[in-house]
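Got chain L sorted already, so can you dock chains X, C and S onto it with the hints?
Chain residues, written in single-letter form:
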Amino acid sequence: MFHKILIANRGEIALRVICACKDLGIRTVAVYSEADRHSLHVRFADEAICIGPAKSSRSYLDIPAVISAAEITNVDAIHPGYGFLSENAGFAEVCEASGIKFIGPPPPVTRNMGLKQRARAEMREAGVPILPGSEGILQSPEEALDTAERIGYPIMLKASAGGGGRGMRIVRETSELPNLMAQAQSEAQAAFSSPDLYMEKLIEAPRHIEFQVLADEYGNAAVLGERECSIQRRHQKLLEEAPSTAVSPDLRRIMSQRLEEAMIRIGYRNAGTVEFLMDENGDLYFIEVNARIQVEHPVSEAISGIDLVKSQILIAAGHRLEEIVRRPVELNGHAIECRINAENPDTFAPSPGRITGLNLPGGIGVRVDTAAYTDGVIPPYYDSLVAKLITHGKDRSEAIARMRRALDMFVVEGIYTTIPLHQQILRNEDFLAGRLDTKFLSRMGVASARA
Amino acid sequence: MFHKILIANRGEIALRVICACKDLGIRTVAVYSEADRHSLHVRFADEAICIGPAKSSRSYLDIPAVISAAEITNVDAIHPGYGFLSENAGFAEVCEASGIKFIGPPPPVTRNMGLKQRARAEMREAGVPILPGSEGILQSPEEALDTAERIGYPIMLKASAGGGGRGMRIVRETSELPNLMAQAQSEAQAAFSSPDLYMEKLIEAPRHIEFQVLADEYGNAAVLGERECSIQRRHQKLLEEAPSTAVSPDLRRIMSQRLEEAMIRIGYRNAGTVEFLMDENGDLYFIEVNARIQVEHPVSEAISGIDLVKSQILIAAGHRLEEIVRRPVELNGHAIECRINAENPDTFAPSPGRITGLNLPGGIGVRVDTAAYTDGVIPPYYDSLVAKLITHGKDRSEAIARMRRALDMFVVEGIYTTIPLHQQILRNEDFLAGRLDTKFLSRMGVASARA
Amino acid sequence: MSNDEIKQLIQLVKESGISELEVQRGENRVRIRSGALAQADLVIPHAPAPAQPAPSVPAAPSPVSSAQPSDAVLVKSPIVGTYYECPSPGSPPFVKVGDTVEPGHVLCIIESMKLMNEIEAEIAGTVVSKLMENGRPVEYGEALFAIRPR
Amino acid sequence: MSNDEIKQLIQLVKESGISELEVQRGENRVRIRSGALAQADLVIPHAPAPAQPAPSVPAAPSPVSSAQPSDAVLVKSPIVGTYYECPSPGSPPFVKVGDTVEPGHVLCIIESMKLMNEIEAEIAGTVVSKLMENGRPVEYGEALFAIRPR
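Residue numbers (the numbering used here), protein chains in the order written: chain L, 1 to 451; chain X, 1 to 451; chain C, 1 to 150; chain S, 1 to 150.
Derived from the structure by calculation, the hints contain no laboratory data.
The beta carbon of each residue, even a glycine, is placed where N, CA and C say it ideally should be.
Just to be clear, a hint being listed does not mean it is correct.
Stated by the list, open to error - Mimicking SDA-like on lysine to any residue, the simulated pairs with C-alpha atoms at most 20 Å apart in a straight line are:
id	chain 1	residue 1	chain 2	residue 2
1	L	101	L	318
2	X	394	L	328
3	C	114	X	64
4	X	201	X	225
5	L	116	L	136
6	X	201	X	220
7	L	237	L	225
8	X	4	L	404
9	L	394	X	3
10	L	116	L	130
11	L	237	L	329
12	L	101	L	111
13	L	4	X	408
14	L	4	S	137
15	S	114	L	73
16	X	394	L	329
Unchecked claim - The following label-pair restraints were derived from C-beta to C-beta distances:
id	chain 1	residue 1	chain 2	residue 2	range
17	X	435	L	108	45 to 55 Å
18	L	395	C	115	43 to 53 Å
19	L	439	X	332	32 to 42 Å
20	S	133	L	190	41 to 51 Å
21	L	350	S	124	39 to 49 Å
To be verified - Under 7 Å between C-beta atoms, here's a sample of chain S residues computed to sit facing chain L:
id	residue
22	80
23	81
24	102
25	113
26	140
27	141
So here's chain L without its partners, still in its complex pose:
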């Protein structure tokens, strides 16, 4: 087992990893930027090293600074949390070269999963359903028409080099295609100096459903059920739950089996998440693999009874999956997570500042993951997550009742938070009926939810 672990992150996830290390009796090293010197992860780690100024490119994203901190404190492993360096294969390679175990998948796997077309190809080979689309770049309008005919309208044209919505067009019928394709090409040319487009089937109002995977270093993998993450605004998840109301026990069993095979086949290791879109017919389409622990991992922990961060460390230390997961995987009850962000709940404008008053909810079925405290500051330099509020109940309605109660008793003064928005979601009829998709928030009338 590791003797000492450096946590290359901040905020609640740094504290989360410290908790897992304490539970395993492993010493911890926190790193922090000058903006975070009064943070709880600094207080509760056994050692703490300042690695740079507030700007994350010069601190939490600065590989030499993090590795040097690891070297001067003699750690034998690094946990990257989520965000920052967590899916940076180069960082994982530097760790390896420095003789420090990176707690995550091996660099080639992370790199392949980062290359989306490569990930799609590997998943398709492994028998996982993929969102239908063109085989790479569209070579001509004729090929585009044929492909669209094959996968069925509506379709989406996307710039290969693109992002941020530019060079994208929704096409609903054959007659529109040539014209819209030409527009998208010239827009892509202007924006990215390349007119290359590819095509994907458009799912107008998909659910976002993801499966939690654990894989050891000996070719064993286990799926711990799925999470429903459809409540998003601008592709940022706001409320997650497990299980999904749209996944039947049969579908869960089939998908778990296929994904376990696929993850073994691609040599996946440690914790990971396989993301899917679900269309109106309940069919799932693979979109990507997140090769790290996710923000919303606690809902899977609640229903599986398995500490995922502890499992990450055990797997990295060479433990076998059978010591961690009992087969068959049993899931109990229902869990919900609300992300309490420092944001204006109406405009979503960030609301950093000093927390002048704080009451954390507690009691039965409530878990709070936070690095916030009375008189503590949410700095403007990083993400706006203040706390994750998780409730667990024997069924969805008990989890919802507990979440409503916990939100009512969660008091944060001095900054705006998303608490009122969550209270509104938890009273919404569609939410209560489990009718969810990624358009949920914009339908609910949250103006800025629209991408």
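Then chains X, C and S, alone, in the frame of chain L:
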């Protein structure tokens, strides 16, 4: 279902009942003394009524004040919590007479359980093992010698009218008995104006083990496993866990079956606890029934997945046990509760005052039940409980690791608390091995633990 | 409590160097802090804060009363219950503003657990205001009357 | 920061009526509160608090240095790593107290990820103290030298 419930209590248990009511969608009325006007139970209830000055005899124990508050707020039920009026059959009768449902057993049952000899008789008839002793008052030294011979030395002589250790003698062999009995009689006469003595078998270092019961109003009862409460000082529990390391699955099954039959037979209703002593051979002896929710109920909630306070309300509202408890009762993992009291951890002197700094632990497997907050005051008038810290894990060692971590991250400034004492217990070898009895704390060297 | 009085208190806080001062004068209360301790605001109960039991200096006008002269004392409810100003529905009230009362004079009834508890004057004086509406529930310590002692 | 300066600041807090004042002057920092906000003590990290990056007014003596005159500026570590005062084991240090340096003069090496990073003087002046022990790990922003500008 009830429309509105008055909570005739304060502190963490008042907040606990408010949580259960919120989870059921029931409105709440808090009552408070002048010392508690800034308490969280006042803040989080829908209504709050001041019922008197700080002294509990004139507020929380003042039956007319509580009933009047219930009448002017039009509640249809009262939850008494623990302590105060919770086992006062007279109060339950006044509630009944006022047309308000008392959430607890019917008054005659509470009264019978309060009369210890009566409770013993009823339990013996129901086939529950009782601590061996004399049949009522000892009539002569000869009867005493015969009785001692029958139940085996060592034995304890106790003043029938007594309490507080006066008129008590431990007798280890026949030759000592006549002399010590005479001493005890004259001490009893002097202290209580009655020389009457009775005899009980002495268990030198018993475990304190109690079983959690739920019974509905239709003659159904369920036992939700046991709790180990041996870590006490001066008969006050300090750390509890479930299950007990000394109860085998077989013993649990047998005891559960007998106790369910016994509770049905005595007409028990709502939540209750049956307390036992366990001797060195692992034999259990009934001591008493607590006809209320207990401080340490969360450990049973953790392993059973059943919300006991919610169940109390459902049962009082006429729900059937089968809607609340699934058969057979399944218990999962292990749970520990540490009572964080406002006390000097060495001397146990009370330490009321203002909490100037507070960090509540959170994260996986941690539950906190508290009414404390930064800048809040622990008044000197009531008990010293500041918070209950509960951890749950898949086994005892995971629960212990999580408790150690949570204690390390639990910061209370401005008052002394029992946190350091708990940290010491959680490092103790006997504790880690599960070797517990009521002498544990005094062996550990906590001077004032000795009664 | 006048603004001038509060100003003086603020001055007092500043001069003494303390961080917080809470003063209750009759029904009025002021808390002065020299800084931001907003957490305390968390716990001000939403129910009306009942006054301290020991009346001292006169109180500010209550919703149903006229202004109280500065030499009156408050009669507060010793129990929780329902306030009645007259012995039975339709009958005249026990006391009116301007009445003079002697110790033992019944001022009102508080019904508690179906019992009609007569609340008596403890001092001799003139009723200067009635602070509670007939039939309203009262908490422990709520002010019922102001009486100017004779 | 002298005791007299601190006294003046306390006076200022009292006069202004504010509850908290935090002042940083070079390596010195004082936080004055007029009341009990002990919560803040919760979060003072146990690791040595590194100094602010922008040196301004001179600092108090550091454990290994002699007293610093009030016109020196601090050279702080721009990276995390291990501090070496000489180019190789046994060789003389890059600088000694009393040496004069020009911009670009190498003051020390910080080893980071097996790379030896030379830290150079940015101003001309005299080395008045060396604040770090040879071979010790340094955090970002830790003070290494005090130099009196010429």
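Results for each hint:
Restraint check: the Cα-Cα separation between residue 101 of chain L and residue 318 of chain L comes to about 11 Å, which is no more than 20 Å; the hinted pair holds. Only pairs whose Cα atoms come within 20 Å are accepted, and residue 394 of chain X paired with residue 328 of chain L is accepted, the gap being roughly 16 Å. In summary, the hint linking residue 114 of chain C to residue 64 of chain X is supported, as the alpha carbons are separated by about 10 Å, within the 20 Å threshold. Restraint check: the Cα-Cα separation between residue 201 of chain X and residue 225 of chain X comes to about 26 Å, which exceeds 20 Å; the hinted pair is violated.
Pair hint residue 116 of chain L plus residue 136 of chain L holds up; C-alpha atoms about 11 Å apart against a cutoff of 20 Å. With a C-alpha separation of about 33 Å, the suggested pairing of residue 201 of chain X with residue 220 of chain X is violated against the 20 Å cut-off. For the given pair, residue 237 of chain L sits about 18 Å from residue 225 of chain L by alpha-carbon distance, which is consistent with the 20 Å threshold. A distance of roughly 18 Å separates the Cα atoms of residue 4 of chain X and residue 404 of chain L; the hinted pair therefore holds under the 20 Å criterion.
For the suggested pair residue 394 of chain L and residue 3 of chain X, the alpha carbons sit about 24 Å apart, so the restraint of at most 20 Å is broken. For the hint pairing residue 116 of chain L with residue 130 of chain L, the CA-to-CA distance comes to about 12 Å; that is within 20 Å, so the pair holds. Pair hint residue 237 of chain L plus residue 329 of chain L does not hold up; C-alpha atoms about 26 Å apart against a cutoff of 20 Å. This hinted pair checks out: residue 101 of chain L and residue 111 of chain L have alpha carbons roughly 17 Å apart, not beyond 20 Å.
A threshold of 20 Å between alpha carbons decides the hint, and for residue 4 of chain L with residue 408 of chain X the separation of about 18 Å falls inside it, so the pair holds. Between residue 4 of chain L and residue 137 of chain S, the direct Cα distance comes to roughly 17 Å. Compliance with the 20 Å bound is thereby established for this hinted pair. Taking the CA atoms of residue 114 of chain S and residue 73 of chain L, the gap is about 15 Å. The hint holds against a cut of 20 Å. Our distance criterion of 20 Å between C-alpha atoms is met by residue 394 of chain X and residue 329 of chain L, whose separation comes to about 14 Å.
Checked against the hint of 45 to 55 Å, the pair residue 435 of chain X and residue 108 of chain L passes, with Cβ atoms roughly 51 Å apart. A hinted range of 43 to 53 Å holds for the C-beta pair residue 395 of chain L and residue 115 of chain C, which are about 47 Å apart. Between residue 439 of chain L and residue 332 of chain X the beta carbon distance is about 38 Å. The supplied range of 32 to 42 Å therefore holds. For residue 133 of chain S and residue 190 of chain L, the hinted distance range of 41 to 51 Å is not satisfied, since their beta carbons lie about 59 Å from each other.
Between residue 350 of chain L and residue 124 of chain S the C-beta distance comes to about 44 Å, which sits within the given range of 39 to 49 Å. For residue 80 of chain S, the interface hint holds, since its Cβ comes within 7 Å of a Cβ in chain L; the closest pair sits about 4 Å apart. Taken as an interface hint, residue 81 of chain S checks out: its beta carbon lies about 5 Å from the nearest beta carbon of chain L, inside 7 Å. A least Cβ separation of about 27 Å between residue 102 of chain S and chain L goes past the 7 Å threshold, and the interface hint is therefore violated.
Interface restraint check: residue 113 of chain S against chain L, minimum CB-CB distance 5 Å, threshold 7 Å, status holds. For residue 140 of chain S, the interface hint holds, the least distance from its beta-carbon to any beta-carbon of chain L being 5 Å, beneath 7 Å. Of the supplied interface hints, the one on residue 141 of chain S holds, with its beta-carbon coming within about 6 Å of a beta-carbon of chain L, less than 7 Å.
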